[in-house]
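Going down the list, the protein sequences come from chains A and B.
With the working numbering applied, the first sequence closes on residue 297, and no number is skipped along the way.
With the working numbering applied, the second sequence closes on residue 270, and no number is skipped along the way.
Mixed in with the good hints, there may be bad ones.
[To be verified] The calculated label-pair distances, taken between Cβ atoms and stated as ranges, are:
#, chain 1, residue 1, chain 2, residue 2, range
1, B, Trp66, A, Asn265, 23 to 31 Å
2, B, Ser59, A, Val42, 17 to 25 Å
3, B, Ile14, A, Leu39, 20 to 28 Å
4, B, Thr10, A, Phe125, 17 to 25 Å
5, B, Ala170, A, Pro219, 36 to 44 Å
6, B, Trp179, A, Arg120, 20 to 28 Å
7, A, Ser119, B, Arg161, 20 to 28 Å
8, A, Asn265, B, Leu257, 18 to 26 Å
9, A, Ala31, B, Tyr23, 45 to 53 Å
10, A, Arg121, B, Met189, 22 to 30 Å
11, A, Ser215, B, Ser172, 48 to 56 Å
Calculated directly from the structure, the hints in this document are not laboratory data.
Glycine included, C-beta positions come from ideal geometry on N, C-alpha and C.
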Amino acid sequence: MAGAQELTAAAPRNRGSLSAFFATKRRTRLAILLSAPMLWLVVAYLGSLGVMFVSALWTTDSFTGNVVKTVSGDNLHAVYTSPVYWRVAWRTVEAAIAVTVIDAIIALPVAFYMSKIASRRTRLFMVVAVLTPLWASYLVKAYAWRTLLAPDGPVSWAFAGHTPGYGFTATVITLAYLWLPFMVLPVFAGFERLPNGLLEASSDLGAKPARTIRSVVLPMVFPAVAAGSIFTFSLTLGDYIAVGIVGGKTQFLANVIYGQLITANNQPLAAALATMPLIAIVLYLLAMRRTGALENV
Amino acid sequence: MRLSPGLRWTLRVITWLVLLFLYAPLVIVIMNSFNKSRTFAFPPTGVTLKWWHAASQSSGALDALWTSVKAGLGATAIAVVLGTMAAFAVQRYNFFGKNTVSFLVILPIALPGIITGIALNATFRTVFDPLGIGFGLTTVIIGHATFCIVIVYNNIQARLRRTGSSLVEASSDLGATGWQTFRFVTFPMIRTALVAGALLAFGLSFDEIVVTTFTSSPDVQTLPLWIFANLFRPNQAPIVDVVAAVLIVLAVVPVWLSQRLGDDPSSGRI
Chain A
1 MAGAQELTAA APRNRGSLSA FFATKRRTRL AILLSAPMLW LVVAYLGSLG
51 VMFVSALWTT DSFTGNVVKT VSGDNLHAVY TSPVYWRVAW RTVEAAIAVT
101 VIDAIIALPV AFYMSKIASR RTRLFMVVAV LTPLWASYLV KAYAWRTLLA
151 PDGPVSWAFA GHTPGYGFTA TVITLAYLWL PFMVLPVFAG FERLPNGLLE
201 ASSDLGAKPA RTIRSVVLPM VFPAVAAGSI FTFSLTLGDY IAVGIVGGKT
251 QFLANVIYGQ LITANNQPLA AALATMPLIA IVLYLLAMRR TGALENV
Chain B
1 MRLSPGLRWT LRVITWLVLL FLYAPLVIVI MNSFNKSRTF AFPPTGVTLK
51 WWHAASQSSG ALDALWTSVK AGLGATAIAV VLGTMAAFAV QRYNFFGKNT
101 VSFLVILPIA LPGIITGIAL NATFRTVFDP LGIGFGLTTV IIGHATFCIV
151 IVYNNIQARL RRTGSSLVEA SSDLGATGWQ TFRFVTFPMI RTALVAGALL
201 AFGLSFDEIV VTTFTSSPDV QTLPLWIFAN LFRPNQAPIV DVVAAVLIVL
251 AVVPVWLSQR LGDDPSSGRI
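Based on the provided sequences and hints, a complete structural model is requested.
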């Protein structure tokens with residue numbers, strides 16, 4: 001009882017303090033909650049993207065290699081008029097589309113099984129099983145594929161000497177493998193939100209499974225597939241490491257950007273090149289926003 | 001939808017095959033860490049523990065591990081604070097630009113890592129460097145925190161959505177101050193979601209390499225950077241395999257814990 005009395009006695013005294021001030025100022029509390037995260041994301045993140053754009057307009061001194069901070073459109077002009085860069089950009093986008101399609105085709109039946117057929121316990125086990133490789137080292141998995149696809153590796157051993165070898169195909173396989181959990185999880189969540197009653201109603205109305213899948217399931221889980229595709233698309237556009245490990249001589253946009261920044265030490269050209277995948281992903285995000293994908297990310 | 005037994009069976013086989021496909025490369029790595037041959041000949045030539053012994057003595061790997069832990073802890077601490085604040089703002093308040101805020105939080109993970117990397121690199125070069133903050137652990141932590149915020153944010157937001165605000169209202173109706181409500185009602189409700197989000201954020205930071213490459217200095221080497229630097233060195237490759245095997249086994253811990261502590265596993269958020 002003494003404790004309760006203390007509490008009631010203490011309460012009015014506290015009312016006059018900071019707590020009471022915030023209790024009445026809802027807007028103030030909101031402003032404080034938003035201030036730090038927005039400061040970080042707007043100033044540090046969007047600000048950095050801004051600096052990147054500005055630095056794309058700078059040039060390097062051809063003699064000393066130092067950055068010259070005078071505004072010129074030379075880098076952007078060079079990037080967007082060069083057939084070489086466009087070819088690399090197309091190759092990257094092709095790979096991103098291929099990886100996304102492969103992952104969607106694999107994820108749909110798997111997520112459907114996990115959500116609608118598997119028992120509760122199997123489902124939990126499978127969610128953990130899909131999530132775990134996501135946190136196992138990315139590099140190591142890419143390297144494991146290098147081992148798998150090596151001339152004397154297991155794939156060659158299992159298929160009597162037939163392997164795709166290191167190159168574009170190997171890169172697409174490896175990236176599809178690496179990003180698969182990013183597709184399975186949102187699609188699984190999409191199936192979880194799809195009421196079983198809808199499937200039964202469709203079947204009661206005489207639809208065969210194929211018709212139910214086409215007319216009920218696919219339209220309902222499409223936003224979830226779109227959400228997963230943002231990851232598979234964006235991660236592929238930004239990858240240079242897996243490409244370097246299993247791609248042989250294949251180069252993607254990110255390899256070229258990396259080469260300009262680290263090897264050639266030409267930061268402005270690297271920034272100008274980085275606008276290419278940035279534009280591609282922004283266009284993709286805008287297209288996907290209309291499907292409601294962003295609420296599923 | 002009534003699925004024929006044949007179709008159910010097919011789906012089951014596909015699912016288990018895909019899980020097998022997910023784990024096959026990981027099994028190969030673990031097997032290789034015991035492989036006698038230095039060049040990963042397949043099938044393995046014999047079993048040995050000498051690479052495990054060598055790895056435990058490798059100062060490069062241990063230093064890198066320590067750097068990764070420091071970077072992960074720093075980034076997670078920032079992400080927990082900022083992600084929780086943003087989640088409370090978006091979930092408990094209505095305001096103009098709410099969708100923009102949630103979009104901004106997602107953006108660093110939706111954009112390719114190389115763009116985040118180049119952008120931060122440009123800022124660190126032109127703004128931070130003249131201020132005396134050179135490339136190093138600080139810049140790595142700033143980079144990692146940026147894309148870790150979304151992980152904490154997603155976890156806390158899901159928890160707040162599920163628990164609603166009636167308990168908080170009840171608490172203040174019963175005369176609790178704002179601090180008491182937070183201490184005895186709100187915090188216990190979000191505690192496990194906080195831990196789950198922090199674990200996943202730490203895991204993401206621990207494995208990150210692209211943004212790290214562009215925000216680190218040569219003397220600050222995280223574990224992924226160390227692995228990448230040693231991947232193609234014949235002498236170090238077996239040790240890399242041991243480190244990789246350890247990482248694969250350890251990856252189960254945060255995932256399993258976060259699934260137990262976090263919201264229903266079906267939320268499927270990354």
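Please flag the earlier hints that this structure goes against, numbers listed from lowest up. 2, 3, 6, 8
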